[in-house]
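**Student:** Sequence:
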Amino acid sequence: MVSSKAALILSMEAVFASLFSVLLGYEHFMATLAVGGGIIIASIVILEAGRKQSLSPSSLPDKQIETAAPRP
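For the record, in the sequence shown the residue sitting at position 3 is 3 according to UniProt numbering, with numbers rising by one throughout.
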């Protein structure tokens, strides 16, 4: 798994912790809690959409660039 994808998944930890704390009765549901979770989810959706767009075939170079020393 790419580290940036793992970071996006781990950023959902706060959302799930808040969700489970409300469901289990340890916290009261508040508007600020919902807004914060919505912002986190929206940022993940935006980042994932940007990543898929940047990896489209039209954005890749036409030919491969050789960065290593030429083979003998």
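Check the hints yourself; a few may be wrong.
As the list claims (entries may be wrong) - Label-pair ranges, simulated between beta-carbon atoms:
1) A49 to G25: 13 to 23 Å
2) V35 to L8: 29 to 39 Å
3) G25 to S3: 31 to 41 Å
4) L33 to L10: 15 to 25 Å
5) I39 to S4: 28 to 38 Å
6) I9 to A34: 19 to 29 Å
Keep in mind that the hints were calculated from the coordinates and are not lab data.
All C-beta atoms, glycine included, are put in the ideal place defined by N, C-alpha and C.
**Student:** Each hint needs a verdict: does it hold in this structure or not?
**Tutor:** Now for the hints, and whether the structure bears them out:
Distance hint for A49 and G25: a CB-CB separation of about 36 Å, inconsistent with the stated range 13 to 23 Å. Between V35 and L8 the beta carbon distance is about 20 Å. The supplied range of 29 to 39 Å is therefore violated. Between G25 and S3 the Cβ separation comes to about 36 Å, which falls inside the hinted range of 31 to 41 Å. At roughly 19 Å, the beta-carbon separation of L33 and L10 lies within the given 15 to 25 Å, and the hint holds.
Separation of I39 from S4 is about 19 Å and departs from the stated range, judged on CB atoms against 28 to 38 Å. Restraint check, I9 to A34: a C-beta distance of roughly 21 Å satisfies the suggested window 19 to 29 Å.
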